[in-house]
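Engineer: One line per chain: the protein sequences are A and W, in this order.
Just so we're aligned, residue 1 is where the first sequence starts under the working numbering, counting upward by one.
Just so we're aligned, residue 482 is where the second sequence starts under the working numbering, counting upward by one.
These aren't lab readings, by the way, just hints derived from the structure by calculation.
Just so we're clear, the structure is a prediction, and the values are computed from it rather than from any experiment.
Any given hint could turn out to be false.
[Claimed, not checked] Here are some, though not all, of the chain W residues that point toward chain A, as calculated from beta-carbon distances under 8 Å:
hint, residue
1, 538
2, 546
3, 604
4, 624
5, 635
6, 666
7, 762
8, 763
9, 766
10, 809
[As the list claims (entries may be wrong)] Taking lysine-lysine pairs in the BS3-like style, the calculated list, with each CA pair at most 27 Å apart, reads:
hint, chain 1, residue 1, chain 2, residue 2
11, W, 519, A, 25
12, A, 21, W, 793
13, A, 350, A, 340
Cβ atoms here follow ideal geometry from the backbone N, Cα and C, with glycine treated the same way.
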Amino acid sequence: MAIDILMPALSPTMEQGKLAKWLKKEGDQVKPGDVLAEIETDKATMEVEAIDEGVLAKILVSDGTDNVAVNTPIAILAGEGEDVSAAASSAKAPAASAPEAQPAPTPDMQAEGLTDRPAPAERPQQTDLSTPAAPSVITNRSSYNAMAEIPEGTELVNMTVREALRDAMAEEMRKDGSVFVMGEEVAEYQGAYKVTQGLLQEFGAKRVIDTPITEHGFAGVGVGAAFTGLRPIVEFMTFNFAMQAIDHIINSAAKTLYMSGGQLGAPIVFRGPNGAAARVGAQHSHDYSAWYSNVPGLKVVSPYTAADAKGLLKSAIRDPNPIIFLENEILYGQSFPVPKLDDFTVPIGKARIHREGKDVTIVSFSIGMTYALKAAQELEKEGIDAEVIDLRTLRPMDTDTIVASVMKTGRCVTVEEGFPQSGIGAEIAMRIMENAFDYLDAPVARVTGKDVPMPYAANLEKLALPNVAEVVQAAKAVCYR
Amino acid sequence: MAVAARKAGRAGAGAANKTTSTKGSTRGAAFNSPQFDKNQDLSAYNEMLLIRRFEEKSGQMYGMGLIGGFCHLYIGQEAVVVGMQMATKEGDQVITGYRDHGHMLACGMDAKGVMAELTGRRGGLSKGKGGSMHMFSKEKHFYGGHGIVGAQVSLGTGIAFANHYRENGNVCLTYFGDGAANQGQVYESFNMAQLWKLPVVYVIENNRYAMGTSVSRASAQTDFSKRGVSFGIPGEQVDGMDIRAVYAAGQRAIEHARSGKGPYILEMQTYRYRGHSMSDPAKYRTKDEVTRMREEHDPIEQVRRRLLESWKLSEDELKAIDSRVREIVNEAAEFATHDPEPDPSELYTDILL
């Protein structure tokens with residue numbers, strides 16, 4: 001049967017164009033790929049190629065015609081063995097046969113400043129065009145009991161966060177041959193911060209891999225290996241250097257599961273120290289908690305205690321998703337009691353009430369907990385009983401535990417070393433407004449790092465970081481004291 | 482001979498090109514184009530024709546507004562991926578950038594699923610959530626489909642790392658273009674691949690234009706086969722329009738990588754007939770250049786001529802192949818036009834496992 005050749009669009013925004021020139025004439029034999037005509041807009045030119053084989057029976061729109069609407073039939077092709085004159089006379093009114101199309105706006109379109117759409121559309125039936133509701137972050141379950149993570153009567157041994165992290169990796173590497181560690185100085189040097197101490201000796205160079213100084217490259221290598229089902233632990237000497245690799249963390253690791261319709265995920269852990277150490281200046285002191293917590297497709301973990309560091313890192317290594325595991329250099333050397341269990345894990349996504357109280361909720365994580373806990377002690381002296389929540393995981397954030405606590409205390413202060421704008425504290429405040437606004441007796445207050453690149457001078461650095469006095473002051477303010 | 486003709490054709494466009502010579506530390510001799518037997522030519526013709534017809538149909542459907550966003554067609558470059566696939570064995574992986582439809586079809590992925598992904602429908606290979614640049618198939622060992630120029634090079638090196646780790650004997654074919662070849666992570670990957678002797682073949686599809694910027698305007702070293710020299714990675718320039726040359730070079734490169742000698746670079750000298758994406762100003766090259774490439778070096782036409790002249794197939798027999806291919810493409814287009822869009826509930830699935 002006769003085939004209509006339609007005016008094509010060069011972009012989803014194009015509505016009409018000029019039919020500049022016919023390169024074939026009526027009666028010509030054409031085969032797929034033959035250039036039939038040239039069309040032009042003010043931005044681009046394009047050749048119209050034949051898709052089907054046949055004879056060009058009739059040209060409907062002649063050379064040099066301006067403003068030809070997209071999808072208008074411009075010629076008729078007689079199929080093989082078909083009568084050419086019959087085909088030629090089958091011309092319909094152009095408007096009637098225009099297929100409908102309604103592509104979504106594209107970046108191209110915005111860049112070109114075009115907002116009009118081409119003709120409306122052959123589009124599958126869609127009965128419900130409303131946006132489905134996002135899965136609720138509030139589960140309405142009673143608050144998670146972190147105490148149950150450690151069975152009663154379990155022996156506790158003191159160890160540093162550094163040792164806890166090392167033990168977590170070693171235990172998982174013993175259990176699963178697909179787990180390996182890669183990064184700068186993780187093997188022979190024994191870890192730039194000694195977190196991987198002894199792993200090379202136990203597991204060998206095949207599984208404990210010193211990389212060149214090449215964050216972008218080895219992050220991509222790690223993600224590629226994870227696509228095949230291996231379970232890499234990629235150590236960044238600090239997360240400041242992961243900025244060179246952030247494309248692979250976000251575009252390659254976090255998005256692929258979604259983009260593949262669930263076929264291909266990346267079971268990978270990116271870990272290393274995050275945030276300020278001491279006197280290392282702006283390029284080695286950035287806290288990236290809020291950055292990574294912004295991205296769907298990632299889980300973001302940032303423990304404070306050695307027990308949580310161990311239990312969460314073991315869970316992270318087993319998790320099938322890409323995990324950002326944010327450690328803290330200053331905490332590495334601090335000791336905490338850690339349960340002596342063969343296989344101690346802590347679930348990702350659950351906060352822990354570190355200190356119970358009734359007057360004000362202080363929410364923090366990682367090294368922020370040191371300010372929060374000292375502030376709670378100070379506040380106690382002044383008769384304010386603070387509850388301190390250690391988030392432990394930033395994404396998915398345990399809104400349940402925060403909300404349950406705020407419903408009890410009616411007041412909340414957030415504490416973090418990161419910058420104030422779009423920070424973790426801002427997110428917590430919003431979630432409280434969404435879920436417990438009526439329970440609030442005061443606006444949520446936040447204590448953060450100052451809105452400046454980290455200075456080097458000792459006095460300025462101290463000023464740039466949060467401190468206990470600020471937390472105490474904020475807590476008193478929300479208690480109207 | 483095709484190689485010589487190609488050389489002449491290119492000289493006219495002002496690019497200095499050598500053909501099918503070898504570079505790097507291990508090879509010095511030039512290779513003659515090997516011959517294909519009838520079955521190889523037939524298979525090459527079928528596969529390349531499928532890609533061409535599929536892409537023509539994609540372009541048409543884009544013009545009708547059924548495909549949105551970006552759509553990068555592979556027309557003109559078909560011999561590269563088809564020839565390389567002929568040199569692989571089951572288990573070898575493929576990863577590429579955004580001009581990926583041809584790679585998916587050559588890996589054996591279902592034309593319907595690819596086309597339905599282009600139209601954003603639920604039967605698409607990524608359930609309509611990935612689009613033209615983002616499709617994957619574990620079953621066919623195809624790892625995407627990546628929209629960030631150069632990212633696939635580190636990722637492919639990582640897939641090769643996993644082969645090495647597992648000692649499974651597989652090789653990862655990592656494709657990228659002359660544009661991506663200037664990205665820093667490419668050299669980070671070259672370094673690690675050679676340092677650790679990873680089984681990876683870097684296939685640089687030099688189609689002479691990174692979007693609209695010609696190789697000579699973007700690259701200080703336009704001989705891409707030399708891009709691994711400082712890492713000691715051997716490389717060759719290959720006539721990427723002659724599938725026989727591609728296949729032979731692919732065999733050499735894959736054998737090198739599989740035998741534990743590390744990475745290998747193949748610069749495929751090829752040509753893209755269509756624009757970078759669909760909206761292309763077509764001002765950065767002359768029409769004559771495109772026409773000459775199509776008329777003198779078309780990869781499919783070369784095979785077609787051999788089928789007619791050397792293998793004495795009739796026009797009718799070729800027409801029958803053409804009809805079968807067209808049927809596959811038309812079925813795919815039909816499916817992709819009428820398959821429903823994803824259910825709204827799919828918005829929140831596949832974010833985490």
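Engineer: Look at each hint and say if it fits the structure.
Structural biologist: The hints, checked one at a time:
1. 538: With a minimum Cβ separation of about 6 Å from chain A (threshold 8 Å), the hint on residue 538 of chain W holds.
2. 546: Check passed: Cβ of residue 546 of chain W comes within 2 Å of chain A, closer than 8 Å.
3. 604: Since chain A brings no Cβ nearer than about 10 Å to residue 604 of chain W, farther than 8 Å, the hint is violated.
4. 624: Holds - the Cβ of residue 624 of chain W comes within 8 Å of chain A, reaching about 6 Å at its closest.
5. 635: With a minimum Cβ separation of about 2 Å from chain A (threshold 8 Å), the hint on residue 635 of chain W holds.
6. 666: Status holds, d = 5 Å.
7. 762: Check passed: Cβ of residue 762 of chain W comes within 5 Å of chain A, closer than 8 Å.
8. 763: holds (5 Å)
9. 766: Residue 766 of chain W check fails; min Cβ-Cβ to chain A is 12 Å, beyond 8 Å.
10. 809: violated (14 Å)
11. W/519 <-> A/25: Answer violated: residue 519 of chain W to residue 25 of chain A is near 37 Å, above 27 Å.
12. A/21 <-> W/793: Violated, at about 38 Å.
13. A/350 <-> A/340: Given that 27 Å is the threshold and the Cα spacing comes to 21 Å, the pair holds.
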